[in-house]
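J.: Spelled out, the chains give:
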Amino acid sequence: SQKIEQNSEALNIQEGKTATLTCNYTNYSPAYLQWYRQDPGRGPVFLLLIRENEKEKRKERLKVTFDTTLKQSLFHITASQPADSATYLCALGLNPTGGGNKLTFGTGTQLKVEL
Amino acid sequence: KAGVTQTPRYLIKTRGQQVTLSCSPISGHRSVSWYQQTPGQGLQFLFEYFSETQRNKGNFPGRFSGRQFSNSRSEMNVSTLELGDSALYLCASSLGTDSGNTIYFGEGSWLTVV
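If you're matching them up, the sequences are chains F and S in order.
Residue numbers for the first sequence, in the working numbering: 519 to 633.
Residue numbers for the second sequence, in the working numbering: 39 to 152.
Just so you know, these hints were derived from the structure itself, not from any lab.
Quick caveat, the model's predicted, so the values are computed rather than measured.
Even for Gly, the Cβ is constructed at its ideal location relative to N, Cα and C.
Quick partial rundown of chain S residues pointing at chain F, CB under 7 angstroms, derived from the structure:
id	residue
1	S71
2	G80
3	L81
4	F83
5	E86
6	F88
7	N94
8	L128
9	S132
10	S137
11	G138
12	T140
13	F143
14	E145
15	G146
Generate the whole structure from the sequences, applying the supplied hints.
T.: This is how it looks when you write it as C-alpha cells:
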C-alpha cells in the first residue's frame, strides 16, 4: 500500500542546533517533493520544492535532500530558533495524466525549539 | 498582493444539511485546489480546478463537489453532512501552468457538524 511517513513523535531540540526531519514514502513515484510549515489554526505555508532529478536544495537556513532510491527526503533547519516551532509537512507531487497539482501529504512532524 | 481568501472562517452545521465554502485565489492564479484536514487523516486532496474545469479529483464521495468561475474564484459544496465531515477545509491556489508551481494556501474554513 502507499504510505508517507514522517517522524511520528514530536521533535524537541535546543535553540541553535540543527533540526532534521524525515519523510519516507513507499509505492509512490513523485515528480517532486515539497515541504510546508503549518502553525496551529493556520493554513500550510510553502517552504521548499525539490524535483526528482535534484539531490539537494537550500534556502537561507533550510536545506532539503531527496533520495529517490531510498525514497526519502530530509529537511534540515540550521541554527534553529524558537520561532521555528511549528508542524512541518512533506508533500509528494504526483504528475497526474491531465497535468496540474495533486499533492499527497504526510502526517507532519511537530517541532519545538527550546531556549 | 492579497493572499488566498476563504469564507466563512468558521461555521457550524447540523447532520443532513449542506454547506458551501468559498475561495478567492491570488490574482492571476488559475488553479484552485481543495483539501480536507482532520486530526486522524491529515491533509487529503479533494479536487483541483483549472480554467473552470475539474482537472484532478481525490478519493472522496460524490457528496463533495466543487466548481470554478470565470474569475477563478471557486466554491466547494458538501451535501448531506455527516459528523465525520467536521474538518478544516483548505483552499490552495497556484498559477497551474506547470507541475511544481508554488502552491499558496488560505487560512481555511473550520466546519463543525453537530
